[in-house]
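Enquirer: Chain by chain, the residues run as shown.
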Amino acid sequence: MHKLLKKRSKKAGLLPGSLLHIGEQKTHDIKITIISYNETVYEKKELTSIEEYVSFFRALSLRTEKPFISWVNVDGVHNPEVVRTLGDIFGVHPLVQEDILNTDQRPKTEDYGNYLYIVLKMLSLRSDKGNGLQTEQVSLLVFPNAVVSFQEEKVGDVFDPIRDRLRNNKGAIRKEGADYLAYSLMDAVVDNYFITLENIGDKIEILENELLENPGQATLKSIYHLKREMIFLRKAVWPLRDVISTLSREESSFIRPATKMYLRDIYDHVIGAIDVIETFREMITEVLEIYLSGISNRLNSVMKVLTLIATIFMPLTFIASIYGMNFKHMPELDWKWGYPAILAVMGVTGVLMLILFKKKKWV
Amino acid sequence: MHKLLKKRSKKAGLLPGSLLHIGEQKTHDIKITIISYNETVYEKKELTSIEEYVSFFRALSLRTEKPFISWVNVDGVHNPEVVRTLGDIFGVHPLVQEDILNTDQRPKTEDYGNYLYIVLKMLSLRSDKGNGLQTEQVSLLVFPNAVVSFQEEKVGDVFDPIRDRLRNNKGAIRKEGADYLAYSLMDAVVDNYFITLENIGDKIEILENELLENPGQATLKSIYHLKREMIFLRKAVWPLRDVISTLSREESSFIRPATKMYLRDIYDHVIGAIDVIETFREMITEVLEIYLSGISNRLNSVMKVLTLIATIFMPLTFIASIYGMNFKHMPELDWKWGYPAILAVMGVTGVLMLILFKKKKWV
Amino acid sequence: MHKLLKKRSKKAGLLPGSLLHIGEQKTHDIKITIISYNETVYEKKELTSIEEYVSFFRALSLRTEKPFISWVNVDGVHNPEVVRTLGDIFGVHPLVQEDILNTDQRPKTEDYGNYLYIVLKMLSLRSDKGNGLQTEQVSLLVFPNAVVSFQEEKVGDVFDPIRDRLRNNKGAIRKEGADYLAYSLMDAVVDNYFITLENIGDKIEILENELLENPGQATLKSIYHLKREMIFLRKAVWPLRDVISTLSREESSFIRPATKMYLRDIYDHVIGAIDVIETFREMITEVLEIYLSGISNRLNSVMKVLTLIATIFMPLTFIASIYGMNFKHMPELDWKWGYPAILAVMGVTGVLMLILFKKKKWV
Amino acid sequence: MHKLLKKRSKKAGLLPGSLLHIGEQKTHDIKITIISYNETVYEKKELTSIEEYVSFFRALSLRTEKPFISWVNVDGVHNPEVVRTLGDIFGVHPLVQEDILNTDQRPKTEDYGNYLYIVLKMLSLRSDKGNGLQTEQVSLLVFPNAVVSFQEEKVGDVFDPIRDRLRNNKGAIRKEGADYLAYSLMDAVVDNYFITLENIGDKIEILENELLENPGQATLKSIYHLKREMIFLRKAVWPLRDVISTLSREESSFIRPATKMYLRDIYDHVIGAIDVIETFREMITEVLEIYLSGISNRLNSVMKVLTLIATIFMPLTFIASIYGMNFKHMPELDWKWGYPAILAVMGVTGVLMLILFKKKKWV
Amino acid sequence: MHKLLKKRSKKAGLLPGSLLHIGEQKTHDIKITIISYNETVYEKKELTSIEEYVSFFRALSLRTEKPFISWVNVDGVHNPEVVRTLGDIFGVHPLVQEDILNTDQRPKTEDYGNYLYIVLKMLSLRSDKGNGLQTEQVSLLVFPNAVVSFQEEKVGDVFDPIRDRLRNNKGAIRKEGADYLAYSLMDAVVDNYFITLENIGDKIEILENELLENPGQATLKSIYHLKREMIFLRKAVWPLRDVISTLSREESSFIRPATKMYLRDIYDHVIGAIDVIETFREMITEVLEIYLSGISNRLNSVMKVLTLIATIFMPLTFIASIYGMNFKHMPELDWKWGYPAILAVMGVTGVLMLILFKKKKWV
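Chains as they are written, first to last, in our numbering: chain A, -13 to 349; chain B, -13 to 349; chain C, -13 to 349; chain D, -13 to 349; chain E, -13 to 349.
There may be inaccurate statements among the hints.
Which bits of chain D does chain E cover? Going by a derived footprint, with three or more residues having C-beta under 8 Å, they are [claimed, not checked]: (1) 0 to 7; (2) 89 to 103; (3) 212 to 219; (4) 259 to 265; (5) 302 to 315.
Keep in mind that the hints were calculated from the coordinates and are not lab data.
Ideal placement from N, C-alpha and C gives every residue a C-beta, glycine not left out.
Kindly produce the complete structure, drawing on both the sequences and the hints.
Expert: Here's what the structure looks like:
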């Protein structure tokens, strides 16, 4: 339950712009990595203490006037102090600092004049947490010469290829500006959706096989579990469409026209992911309908067997019970062939009933 | 029932602008509190008689031309006289006065040139009233140097943090204008929604557990009770989106650009609340579907037991009743091993039936 | 049936602008009342013959150039002659005359340059006609100095308060223009909707109680009866939203800015009515779902009883029938305690079955 | 099936603008009627051979420069030659010629600069073809001084009133231009919809009565038959709304402002027809739901009877079978009042069961 | 499963613009055919080696400045090298090259200034692959004097008529520009949809017959199979509407006004195809509802038979079992006419039960 509604109510009554972490604390240590690069230079630094940030950033804020691009990556956002210090150095509005801490945001983008604020959702299926879908908030601050990214947890797998490209000067990334870096980060997040979607596709396939072989109450629970995961997915992916569309259409000084073409490409991927999500929703609905009509079908089969048995044996038992009566004057009882005759009558009755059932296609 | 449709029909045939309280009378005494403040001054006054209002407001209307911000808070709106007197002093249009009294309004905002009229809905879950969802109308009149707020009942808990901030000069509130005060009031109302939503989230969780353990007609009633509460919630929250969106986008002399950034923040919260409401609606629908498919499943289980019993015992009883017949000439009856033989036949028949059931996966 | 589709097909093949009354003839006599007023003068005249109309209107059309407002109210529209005569005097387009007679119109507004044509629907629940919902068409022609209103039937109750205000010079009505009069008439019609809505709300409440106490096929019929009434209501009220919205937004010489504020008020009422209608629709759907799940639940209860009885008595009867067999060699029959022993076996079997049922929560 | 999807695939691979008749051939002979008229002149000519067309049209194309209006009506469109000859004379684009032959078009309007192309659907319920709904395509080409109409079949009944008005100079039709003639033809088609709709309304009423009296599998088939007819109706009528709306709004040299007012009137009729169609769809859905809940209700009734019978007779039969056992030592059997006593016990048991059923409201 | 979601996840982490084939490899050899033509010249060349491409295209890129139109058709897109070589020669953006290889695109169009990129989906029902629906991606690059088309597999049947028209100079195709060629290719793809749709229409008809004659679990599977195919169809056809609409409306230097008229014609066909798809979806839903209500109906029939049998034979067996009791004092047993009397009682009871059933319309 808490997954759908983080304890945002803690904030009721606080000052607007109050910094308070909302969400699960997913990692213990906050780790800040700074990669500064241009076409020729590549420098990487990891910070560990809050004092170091301040001195480093003061230096950095001087350096960023040179044609350097800096990527400041923050793993872990549960410490308001870190966000505030960083935010104040970069001149970030208190409401944005509040949003970075509040990991219950919808994907959105906001243009604050001297920087761009972008919220994305990262998806992952964790086997260690009951195989459930996890969403994680990624906040990006795009400055003319720097990108600051905030993650709830170290998601190295997803951003590692970008770090690799920066280090080894692969592709155009070191020739392009901060907007291209921001695009690359967003692209990594969106490409990652398809891994989650394929995983869910596999689950649907498994469910379909289960339906054919051995459907039960557990199948129903799996169906509803998947259905609920799709609600999550939609919440994470749908608003992204507007975010990317806004970024690629609006006149903004941060996104250069050449980069907009790349954003249009992400836009296509997001539309593709939404298409798959909607298709999955329809398929899960189908699976549910098949499950429910399967219950009705099995009820029908059970009832047919019951009716078959009752229809055959009730008349036969009635006939037998007639000749079990103790009347003094029951001439049939004394007949020599009475017993075989009545057995024959019973046999004929039973066969007639079976024929009737065959004709009604119930057997 | 009366909750969904207040007795607005009382007004049919009356003059437009007729002042008539529509809704439940939720409090007995009307209490008017005036807080006047600027960066250095803080003054609070409570009024109790109607005469006092007039004299005070005349003075106040003189004073508000000075760089003072006044917050006039009215608890209880069931007395048309109070609304009219206040309204006339502030030069409020009769239709607005009518709307303040009519507590059956949708959230809306209207720009009357020299003041702004905003209607919000406060939500609360009252344990003293059958644990039901209560909505309460909050009307705000925003003037360049004053905010007049009308509540149906004293909702001190929600506005108290703002009073506290004003008294102790916490945050920026005493440095900002009437628009920031209005924003703070709206923010308090919207933040409060999440408490209600979490409460409903808990109820859904309880329902889900009930479904697994002991579903019954009472569960169904709880489901529909929740469903109806969601109708309320939507009615209260959905229109707010347009209200905040209008306030933050329109060119208005009352809302300064700096405050619009804060309104955009409320907008995000309202969108978040709507997201949660829609998710809850989907979850309640799911819970209902699980409940209904549970009924079908249990019917199936019951029928399988019935069929099992009938299928095993009907043929056996038939066999027994054959040898209960009183025919004179029934050779089997005289056989020495007739009785054990027939018992064996019965046992084999029963076991065969059970095997058949196992094969059809009905046991 | 005819209520949903009036015999409009009578018109197929006729000239456009052909005057033909479509709809039920709801009243026998056509009554025309003319109220002419300004701030100081109030004059009322009732006409009874067609000749009188012409002479009166010729005079009136002269007089309306003076600063007089005239309200011509026509009760009954089944006589094309009356509509044509009035229409020709006022210079009304033949298509408008046709629409006035055709009582199967959707609410709409059309600006014909020198006058405005407005169609509304009046709602009433008539106890004398099977307690069904009746809709009645009200057509308004708004001229700079006159309003002509057409009703299917005398709906005195609804417009009487306006007549009263005009006679007694209550409120602003005699100070304002024809647009304010038109607004007042529309307001009276819309205010009246809430009486109908409350009535339907009561019916839903009754249905909900019936569901709990004694649901049956009659309940189902009531539910569908209400559902169908809601279709009517929507058809009558929904298009009104656009009508009022058009009137209050468009630049029109007939509606002065001051009156537009009042129209905005009606707009809020119409939105409120639509909200209530949509809520009622959701509630009726809920009631239907509860009814249907109630059927399933009762089927389940019935089946449990059947299964309980069969599961207990079938094995017992089988045991008894074994000892009813007439085999010569059945040693148990000769045992002294055979009978009590077998009774004990039966008792234990029955109790075991009951315990099994208790464990499965079927009793 | 072929009704929903005409064999358009025949065209795959052909040149665009290839003339090929798509649809059923509904009439054998193609009949071309030309009515040329102005305020004083009325001339009618029927053509039978293809040679005659050419010579006549050459003459006509000279004459249409005079202030004459010509209405060329073509009954039957299965001959591509006729359409091509006519099309070439009037300078019609090959794609339009193709669309005229392809009777599987959606209603649409296209402005080709020197003429206007309009496609409509005519509806009819034919008793000779299994009482099914038939749609027929009517294509109109509107030139400044001529209208060319193409019908699949002679639909004299619908256009006859217009021919009559032209012949007898009734109404304004001979005083107006080609646009008014086109309007008259469209009006005739739309007015005709209401006859079909009333017919379907009657069918729904019959279905509702059938539901109350004698529902069966046949009722279900009728419901789905009607449902499918509604799909047709929607396909034919919905797009017409945009067609008329486009015609009445766009700046076009073919439609004069005076005629636009008449088009607005057709627009209202189309909206009315759509309203009725949507209402019918909701009613058919209702009828289906009542049918399905009727099945559940009857299942319940049947099961109650079964349970009643089983619950009463199973215990009784068990009691009787106990005293049918052949134990030597059964003291009750020797009691004088044993038999009446046991009959009394059985009677009491039966009555108790009945009372239990009454209490549970199952009888 | 893989049909709904191709393994796009392979791309996660790669550089944007990385060329990687996504989708099934449907053909082994890549075949490139070049047709160059103008009104007088027609030349066709097939290339087989990658070296040949380069030399040919260099020559071609020189020649295309002459008023030649070239159509380069590529069968098979699984080789990134081929796409890259071609793309680089024509100056195609890396993102477009990536999209050509990724056969999981939605239909779309993009204007890259010096060329137009169009993605379409080809539909086919393959009998060799379990009669399932196959979609195949067709990418078009439209240059001022050339069209490059990429197909997953040789779909000669669909484009052959165009090749034929080019070779034999049929129709206007050799007189028109590259935009007309692109239109012809799109038209061929869209016309081909109707063959697939007719095929599905036939399947629905077969299903409807199966429903009436012999419905079973297999029918249900066929219904859901069709439903899933409709999801595909919608995904392939719906976005095409926007594609064609964009092409025919936007100001583009590639599409001349004369060709836009032809695009409008394709637009009508796409709308027609969408109409058919939506109708099919409604019909499949209907078929499913009929199937499900058929299950309920059959359950009812079965239960009626069971109830009939039980209701008749349970009381009779009870009567017989009474006279099977072994009480000493049962006077009836000694009566001479006891046996026939009790048989008569049984007969009357049975007949009464039957009459009751007839009255309740259960037989």
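Enquirer: Does each hint fit the structure? Answer for all of them.
Expert: Now for the hints, and whether the structure bears them out:
no. : hint       : result
1   : 0 to 7     : holds (count 4)
2   : 89 to 103  : holds (count 5)
3   : 212 to 219 : holds (count 3)
4   : 259 to 265 : violated (count 0)
5   : 302 to 315 : holds (count 8)
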